[in-house]
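Its first residue numbered 6, the sequence shown is counted upward by one per residue in the working numbering.
Don't read these hints as lab results, they were simulated from the structure. Only a predicted model underlies this, so the values are computations on that prediction, with no experimental measurement involved. Accuracy of the hints is not assured; some may be wrong.
Estimated spans, in silico, between C-beta atoms of each pair [unchecked claim]:
#1 179 <-> 143: 40 to 50 Å
#2 216 <-> 136: 36 to 46 Å
#3 123 <-> 92: 16 to 26 Å
#4 138 <-> 166: 30 to 40 Å
#5 90 <-> 138: 29 to 39 Å
With a Cα cut of at most 20 Å, we get these calculated EDC-like pairs of lysine to aspartate or glutamate [as the list claims (entries may be wrong)]:
#6 111 <-> 162
#7 117 <-> 136
#8 111 <-> 187
#9 207 <-> 144
#10 207 <-> 114
#11 111 <-> 136
#12 117 <-> 155
#13 117 <-> 166
#14 207 <-> 96
#15 159 <-> 187
#16 159 <-> 76
#17 207 <-> 136
#18 207 <-> 135
#19 159 <-> 114
#20 117 <-> 162
#21 159 <-> 136
#22 207 <-> 73
#23 117 <-> 135
#24 117 <-> 187
#25 159 <-> 144
#26 159 <-> 91
C-beta: ideal position from N, C-alpha, C; glycine also.
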Amino acid sequence: MATSEDAAPTPESTAAPVESRGRVRLRRSALMAVPAVAVGAVLMTLTAQGVLAAQFAISGMPFTVTADSLEGVGFEQFGSLDHMIEGSPNEGDTGGQVLVIVSAIKQAELTKLCQSVDLGGINLLIKAGDDGTPVTATDLTTDSDLVSGDASFKNIEIGGDASTYTKAGVQGLPGVFGQQADTVTIRNLRQHNYATTAAAFKLPHLRLSFSSEGC
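Turn these sequences into a full structure, and let the hints guide you.
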């Protein structure tokens with residue numbers, strides 16, 4: 006993938022662009038080193054460069070997702086980069102890029118789902134799937150920089166090239182380390198996300214409100 010760092014420097018170049026290119030280079034190196042989440046520890050995040058969430062610019066405002074349990078069929082996970090619009094007020098010192106773990110699940114069920122976004126002193130709160138009927142999603146992907154929970158997998162493959170994955174129908178970039186499995190189960194799921202996409206998302210007993218506390 007061609008970037009500005011491939012172009013020859015010009016007399017007009019300043020220290021700021023060089024520093025920006027250095028950040029991009031560092032993040033690319035980190036992307037190649039992002040390990041698949043350890044079995045029995047951490048989980049979930051979803052999207053790939055050139056796939057799904059990469060089709061839109063993220064706001065740069067993270068949101069929290071929790072669930073008592075997640076049951077998934079067809080699971081993949083690998084590293085990627087999410088991008089904000091140029092000059093986003095939320096980019097901070099990231100250069101407009103966020104290194105994320107992409108988790109993709111073909112079919113997912115989540116019990117007692119909670120999602121919250123800190124809007125600055127007040128949280129936008131979404132709850133669903135806590136009245137006996139779980140939240141369901143098809144082709145679910147989430148992009149996270151932090152995930153925790155108690156995870157178990159069936160027929161897991163660790164260390165494969167993410168561009169060759171087939172379990173969830175999503176592929177990462179060539180040479181990126183990842184893992185995939187037939188099924189995944191996560192108890193006490195907690196995610197710090199930047200993006201979520203799904204082909205279909207059903208949220209029974211949905212409630213949306215403002216709250217002083219998040220999930």
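Quiz prompt | Hint numbers not upheld by this structure, sorted from lowest to highest | solution = 1, 2, 11, 13, 14, 20, 21, 24, 26
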